[in-house]
Amino acid sequence: MSENRGHHHRSMSMRDRDHHHVIHHHRDPRLRRGYIPPAGPDPDSWFYKLKEFARKLIAFLFGHVGICGLVVGYIIMGAFAFMAIESEDQKRQYEDVVRVREATIQNLWNITHQLNVLYPSEWNESVSIQVQLFQQKIVQFNGEADPGGGDAGTTGAWSFSASFLYCLTVITTIGYGNIAPRTVMGKMVTIVYAMVGMPLFLLYVSNMGDFLATCFRWGYVNLCKCTCFSRPVHHGAQRGARRRISQRSGPGRQDLMQQQQQPYDTVASIHQRRIGGADYDIELQPGAPYDTATVPITISLTVMVSYMVGGAVLFQQWETDWDYLDGSYFCFISLSTTGFGDLVPGDKINSSSGVELSLIFCSMYLIIGMALIAMCFNLMQEEVIAKVRKLGQLLGCIKAGEE
Amino acid sequence: MALDRKRSVRDRGSVRSRGSSSASSSDPREKLKDCCRQFVAFMFTQVGVGALVVSYAIMGAFAFMAIEGESENSDNNDHVARLRSACLSRLWNVTDHLNVLEERKWKLDVRQVLLDHQQAMALAIKGGYDGRTNQERWTFPSALMFSLSVFTMIGFGHLVPRTQWGKIATMLYAVFGIPVYVLYFMNMGQVLASCFKWFYCKLVRCADARKDKPLADGDPAAGNGNKEMIGVVSSAAGDELSDDLDEESYSGLIIVPSTACLWVWLTYLAVGTIMFAEWENWEYLDACYFCVTSLCKIGMGDFVPGANIQASSNQTKLIINFVYLLVGMGIIAMCYNLMKEEILVRLQELKADLIERLQDVSGRMRR
Chain Z
1 MSENRGHHHR SMSMRDRDHH HVIHHHRDPR LRRGYIPPAG PDPDSWFYKL KEFARKLIAF
61 LFGHVGICGL VVGYIIMGAF AFMAIESEDQ KRQYEDVVRV REATIQNLWN ITHQLNVLYP
121 SEWNESVSIQ VQLFQQKIVQ FNGEADPGGG DAGTTGAWSF SASFLYCLTV ITTIGYGNIA
181 PRTVMGKMVT IVYAMVGMPL FLLYVSNMGD FLATCFRWGY VNLCKCTCFS RPVHHGAQRG
241 ARRRISQRSG PGRQDLMQQQ QQPYDTVASI HQRRIGGADY DIELQPGAPY DTATVPITIS
301 LTVMVSYMVG GAVLFQQWET DWDYLDGSYF CFISLSTTGF GDLVPGDKIN SSSGVELSLI
361 FCSMYLIIGM ALIAMCFNLM QEEVIAKVRK LGQLLGCIKA GEE
Chain F
1 MALDRKRSVR DRGSVRSRGS SSASSSDPRE KLKDCCRQFV AFMFTQVGVG ALVVSYAIMG
61 AFAFMAIEGE SENSDNNDHV ARLRSACLSR LWNVTDHLNV LEERKWKLDV RQVLLDHQQA
121 MALAIKGGYD GRTNQERWTF PSALMFSLSV FTMIGFGHLV PRTQWGKIAT MLYAVFGIPV
181 YVLYFMNMGQ VLASCFKWFY CKLVRCADAR KDKPLADGDP AAGNGNKEMI GVVSSAAGDE
241 LSDDLDEESY SGLIIVPSTA CLWVWLTYLA VGTIMFAEWE NWEYLDACYF CVTSLCKIGM
301 GDFVPGANIQ ASSNQTKLII NFVYLLVGMG IIAMCYNLMK EEILVRLQEL KADLIERLQD
361 VSGRMRR
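Order-wise, the sequence lines are chains Z and F.
Residue numbering for the first sequence follows the UniProt record's numbering, beginning at 1 and increasing consecutively.
Residue numbering for the second sequence follows the UniProt record's numbering, beginning at 1 and increasing consecutively.
These aren't lab readings, by the way, just hints derived from the structure by calculation.
Within a straight-line C-alpha distance of at most 27 Å, the following computed DSSO-like cross-link-like pairs (lysine-lysine) qualify:
hint: 1; chain 1: F; residue 1: 317; chain 2: Z; residue 2: 137
hint: 2; chain 1: Z; residue 1: 137; chain 2: F; residue 2: 107
hint: 3; chain 1: F; residue 1: 340; chain 2: F; residue 2: 202
hint: 4; chain 1: F; residue 1: 31; chain 2: F; residue 2: 202
hint: 5; chain 1: F; residue 1: 340; chain 2: F; residue 2: 197
hint: 6; chain 1: F; residue 1: 340; chain 2: Z; residue 2: 387
hint: 7; chain 1: F; residue 1: 126; chain 2: Z; residue 2: 91
hint: 8; chain 1: F; residue 1: 197; chain 2: F; residue 2: 211
hint: 9; chain 1: F; residue 1: 340; chain 2: Z; residue 2: 390
hint: 10; chain 1: F; residue 1: 31; chain 2: Z; residue 2: 390
hint: 11; chain 1: Z; residue 1: 137; chain 2: F; residue 2: 126
hint: 12; chain 1: Z; residue 1: 225; chain 2: Z; residue 2: 387
hint: 13; chain 1: Z; residue 1: 390; chain 2: F; residue 2: 33
Negatives, chain Z to chain F, calculated, CB over 10 Å:
hint: 14; residue: 46
hint: 15; residue: 60
hint: 16; residue: 64
hint: 17; residue: 225
hint: 18; residue: 369
hint: 19; residue: 381
hint: 20; residue: 382
Computed list of chain Z residues with no C-beta within reach of chain F, every gap over 12 Å:
hint: 21; residue: 90
hint: 22; residue: 226
hint: 23; residue: 299
hint: 24; residue: 310
Note that the Cβ used here is the ideal one computed from N, Cα and C, for glycine as well.
Starting from the given sequences, assemble the full structure and let the hints guide the process.
Here it is in structure tokens:
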């Protein structure tokens, strides 16, 4: 770097010099204003480079894996909380059902006992009314079936994996509703849990989406280069030029923000200012070395659709009475965060082991699926915006040169 | 006039319309035409998108009514009727076989019969039985709520398609409806955000005028241009700008704090809570829970206004719910729009800060 500055100084254009100066400003602390050079080891030594690498690795790990771990930990914590809150009420609910059933039995006994001679038709009429009432009560309870003869020994509907799935559906805003809190405490905790968890999950999704999109783009570019089927579309040059022009003015902090930050930068809105007579755009983009190709929309759509179809096949195999339409319907409705809750894996099985596994699998599928969908949207973003802009200009809604 | 000067200064200074409209803004007739064109474009985009969303929901409601409501009253109702008659015949068998009616034995057998019936019923309820026919279930307001819950991605689930064609139609409806909804969301966000900023601006100016605080109105063009153009910004941008602008123009700068957005949202939430608690006779906590889960697009579906089995006559409440949700989404879009800049700027500041600190640490470690 130092010899660059010394020998090539005159031959470089103004633009490039500023560009390099600004890059030095970030990487090499020696060039920061007011910096007092320490008496220490040579910054170009292997030790320094190793520390740089370690620092970047730690930052990277902390960034991505940390957020994943944070989200999963948050869900687990919520699962335990809801298990504790709702199990007590579940027992009470089972007791209500048992009480209704016992009352019906008592009524039936009274009817049977009072008739001295058992005429079938008369008896059937009265009994049928009782059974009808009993049925309506069951519907009111929404089909809560206690497992055995009134002895709610198992954990019931709010097992650990069911609570895990519930917490996941709350923070991803899917919201199945096949189990829902019934206690006052449960509802309040749900509100607070959602408020805190939704931004966290959005952070996770955007982080993972950017990271996966960068990886995908890098893989795609390399694949294109290797196979030379088609030349990738270059959008990078145009944007790079704009960035250089905009770097000419503006001190201090803006330079840091314009640096080539690595994969986890997101596209910020164009923040426009006017300071001291010079105006410029601040536009942040994903890491530039990987930005020279645009993945076509069809590939992103293919990835999304194949993930859904894969999930549909898996769920159809796993669940006994789902066909392929049910499986794909479930995957689509869940991944679009709509989440009706009419079809949920493991809802109709009564044995405990099968339910646990399928719920955990479903949760993993959803967590990964959300990140994949974010990646696809990230990849499709540029092309879609360009196409929409073109369409708008064609329709005459947007004036040319504006927005 | 201030409006023209503001627009001309903005046109001169902004990157967007660089060179294109600076010439036209000087002629008054051109300005009028420009104004008219902008108004027409505004109507076409904002009102047009709103009308598009509402008509898409209505069209979807009719479609689902046709597909699901007209489908034969499914096997579920017949199945349940069959279950009941099976239960009855078993009860009769139990009663008939015992020559002497001994209470405990009889009750034991009857309990088992009822338990079996209950478990079979539970399965049927999960499969969608709730005591109503398809026509009763898929009324127009219910279908409208269903369409809304599909393309806003809330997904209540209290009413779901059960036929094959219904499920396919739902997926297609979602695929085309979600982009429409996202468009509406962005549009409403921008419109409401600018309305809110204008309203807040007027409020602050009114308060300042009453307090007799001097506004930097008679400034030269550059200072006034600064104030007018960036007249209402979110608080983060305001903090950054206040470092660089001089004192005169800063006194005229109006900053919309992000807490104002939160207050608006909380007020809307409170209004909805009170409204639903009164009309539906819910607890206040239940109404609050419903408002939060619906506006956050979670959509549990255990509480849905006007969708009780007994209260099948309260159909107008579903329409009010529809309007409440749509406007609520708009307000969330507005909050997102107003707070977006601040959040992003603060995030970048945080990252830059972190990097500087790490560099300082590494610099100190090398000494």
